[in-house]
Structures are given as C-alpha cells and as structure tokens.
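We have chain U; now place chain Y onto it with these hints.
Protein chains in written order, with my numbering: chain U, 55 to 122; chain Y, 15 to 139.
Watch out, some of these pointers could steer you wrong.
[Claimed, not checked] Derived coverage of chain Y by chain U (criterion: at least 3 residues anywhere in the stretch with Cβ under 8 Å from a Cβ of chain U; other residues may be distant): (1) 82-94; (2) 97-109; (3) 126-135.
[Unchecked claim] Straight-line distance between alpha carbons at most 30 Å, and here's what the computed DSS-like set of lysine-lysine pairs gives: (4) U:K56 x Y:K126; (5) U:K81 x Y:K126; (6) Y:K119 x U:K81; (7) Y:K63 x Y:K134; (8) Y:K63 x Y:K126; (9) Y:K134 x Y:K47; (10) Y:K47 x U:K58; (11) U:K58 x Y:K126; (12) Y:K47 x Y:K63; (13) Y:K134 x U:K58.
[To be verified] The following label-pair restraints were derived from C-beta to C-beta distances: (14) U:I97 x Y:G53: 38 to 46 Å; (15) Y:R65 x U:K58: 42 to 50 Å; (16) U:K56 x Y:A84: 41 to 49 Å; (17) Y:N73 x U:K56: 38 to 46 Å.
No wet-lab data here; the hints were simulated from the structure. Beta carbons: idealized from backbone N, C-alpha and C, even for Gly.
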Amino acid sequence: MKSKEQIDVWINIDGDITINAVGFTGKTCEEATAFLEEGLGLIGRKQRTSDYYRKNRNHNTNHQKQQT
Amino acid sequence: MSHFTTIQTQIRDVAALEDACTELGVELLRDAKARGFSGQSRDGEFVIKLRGPYDIAANRADENNSYELATDWWDGHVEREVGQNYGRLIQLYGVHKTIHEANKKRLRVTRKQETDGTIKLSLAA
Chain U
55 MKSKEQIDVW INIDGDITIN AVGFTGKTCE EATAFLEEGL GLIGRKQRTS DYYRKNRNHN
115 TNHQKQQT
Chain Y
15 MSHFTTIQTQ IRDVAALEDA CTELGVELLR DAKARGFSGQ SRDGEFVIKL RGPYDIAANR
75 ADENNSYELA TDWWDGHVER EVGQNYGRLI QLYGVHKTIH EANKKRLRVT RKQETDGTIK
135 LSLAA
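Here chain Y stands alone, though its shape is the one from the complex:
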C-alpha cells in the first residue's frame, strides 16, 4: 500500500458514459429532450433514455465543466433504474472511464463485484 485517494466522480467522458448506458441497457441520445412529469421536457446535450416514463438530461455549464445530470424523481421511476442520486449510473461511468484509461496505458484490468455492490477494478502491467 502506498497511498489512498478518494475521488468524487465527475462525468466528462462521453464514450465512457455511452458504455455505462450500454451496460445499463439504455440509450444515450445527443441533443434531445428528456421526458419529465406530465408531458414536461428538458433539453439535454445528452439524454439518457430510460425504460420508464422519465429520462435524464446531461448538460455542461461550459465546455470545461463536467456534465450535470437532471431528471424528474417523481414516484421513484428514475431511482429504480439508476439508483438514488444516479448512483448506479455514476458507478458504471466510473467503471468504464477507468477501463478506458487503463486500456490507453495497456494495463490489464480485472473486474470484481463485491457483496455490498461495490465494483473493484485491479490494474496491472
């Protein structure tokens, strides 16, 4: 053990977001409208089209920022698909972003699911 770092994940990499959506079994649309309660909608640079009645919009304040997610949490539809506070979506984004970065460095990645839902990736030469 040499050092531990904790990180609050930020969504910046669209390819990794796309892979996360694929793993979740949902579509990532570009320049679309996210469905909300009662026919309302919200524009997204990207929209994660969920199986339920509402979608998630992803927008950046400007090009240097990370994507902010917005959705309609009404009635638990979105939470059922992506977890509380988008947890599952952000988790899978983190997983795929890590895999992409490891691949760039030609590192081997082993993926393991832990019993509390944590995903562990080990990177080695």
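Isolated chain U (complex conformation):
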C-alpha cells in the first residue's frame, strides 16, 4: 500500500460492515480491499466513485477528496 492509500472499515452495532478505499486510483482500490471483503462475508453493494475510473498518471495530481 502506498503512503496516501488507506482503507476505512466501519462496523456498526448490527455487525454490518462498510469498506471505503481512499486514495487509490483505478482498479487498485478493489484489489486492495479484496482480502477484507473475502474474509468478512457476503458482499452487498459496490459503489464506485470517480477515482475508480481515473487511470493511473505519471505525475501526482491532487487526490484529496472529501471523506464522508
């Protein structure tokens, strides 16, 4: 995982889990969280944000987005 990449995992009081991959580009976010998703249970919804569709770039653009 690169230094600005992070995976947030929320587990609520019913035991339901939401995973958010932050700071990845393209499909690397799904590869990065696959180990958790497979380990934890039945996958529900996947909602891809605009970062998912952005191709990797050579120069660093500002990937800072608002976190919910």
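Chain Y in isolation, oriented as in the chain U frame:
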C-alpha cells in the same frame, strides 16, 4: 474515495470469534452444550458462554459454510449481553477479523469508537 463496499458479516474465523468473546468478557467453548430456557440445551460446535442463564450455540451446516448462531431470547437475557440479533457479538467479530487480516498484510490499524456505537478501523501501510 475510490469505492464503497457493504458487507453482511459471516462468522468463519474461530480465532476472531475467540477474540470477540475475550473483549466481551465471555468464554468460547468447543463442542459443548448451550443452556436454554427451563433446563433445555442445544449442542454447539462452539458455545459462547454468557454471564446470564442462556448461552449461544454456533454450528455450521457443513465445513464450507459460516457459523450460524442460535440461542434462547427469552426475557432479554441474551440481548442484554450481545445486543439485538447478536449485533454486538457480530460487530466485535468483524472488528477482530479485520484486525487479523490487516496484521497478515502488515498494515497499521487505528481503532475509533463513534458516538452511534459504530467502530471505525483505518488500515494503512
């Protein structure tokens, strides 16, 4: 933000279940009987022995399945200890399972309690 995934937690990892029980302050027994109402009992591959009069039995339909939980909900004893529908137990299982998986990948984990009872874990390199 790259993508969100929602997951319905399934109990598969006994070590994570054990850690969840430790955090709850209860014992996890193997091949035991779960106490129920009026002296009834139910067999469990695993039994979560609660402080109250009833326990939770965990069994798999077969080895490829996740563990199903069963208990006696009478009079709110079990709900008081593990929440509605085992929520608190499953939450802590999810927390410890995530920590185990993160440790395997040598990721740092930060744990935060949110005001609505949600536990947030952040994994980073």
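Evaluation of the provided hints:
1. 82-94: violated (count 0)
2. 97-109: holds (count 12)
3. 126-135: Held - the stretch 126-135 of chain Y has 7 residues with a Cβ nearer than 8 Å to chain U, which meets the minimum of three.
4. U:K56 x Y:K126: Holds, at about 22 Å.
5. U:K81 x Y:K126: holds (28 Å)
6. Y:K119 x U:K81: Status holds; Cα separation ~19 Å.
7. Y:K63 x Y:K134: At roughly 27 Å apart (the allowed maximum being 30 Å), K134 (chain Y) and K63 (chain Y) satisfy the hint.
8. Y:K63 x Y:K126: With a Cα-Cα distance of about 27 Å, the restraint between K63 (chain Y) and K126 (chain Y) holds, given a limit of 30 Å.
9. Y:K134 x Y:K47: Roughly 34 Å separates the two Cα atoms, so the pair is violated.
10. Y:K47 x U:K58: With Cα atoms ~49 Å apart, K47 (chain Y) and K58 (chain U) exceed 30 Å; violated.
11. U:K58 x Y:K126: Distance ~19 Å between K58 (chain U) and K126 (chain Y) Cα, so the pair holds.
12. Y:K47 x Y:K63: holds (9 Å)
13. Y:K134 x U:K58: holds (18 Å)
14. U:I97 x Y:G53: 38 to 46 Å: Since I97 (chain U) and G53 (chain Y) have Cβ atoms about 41 Å apart, the given range 38 to 46 Å holds.
15. Y:R65 x U:K58: 42 to 50 Å: holds (45 Å)
16. U:K56 x Y:A84: 41 to 49 Å: For K56 (chain U) and A84 (chain Y) the Cβ distance comes to about 44 Å; the hint holds.
17. Y:N73 x U:K56: 38 to 46 Å: Since N73 (chain Y) and K56 (chain U) have Cβ atoms about 42 Å apart, the given range 38 to 46 Å holds.
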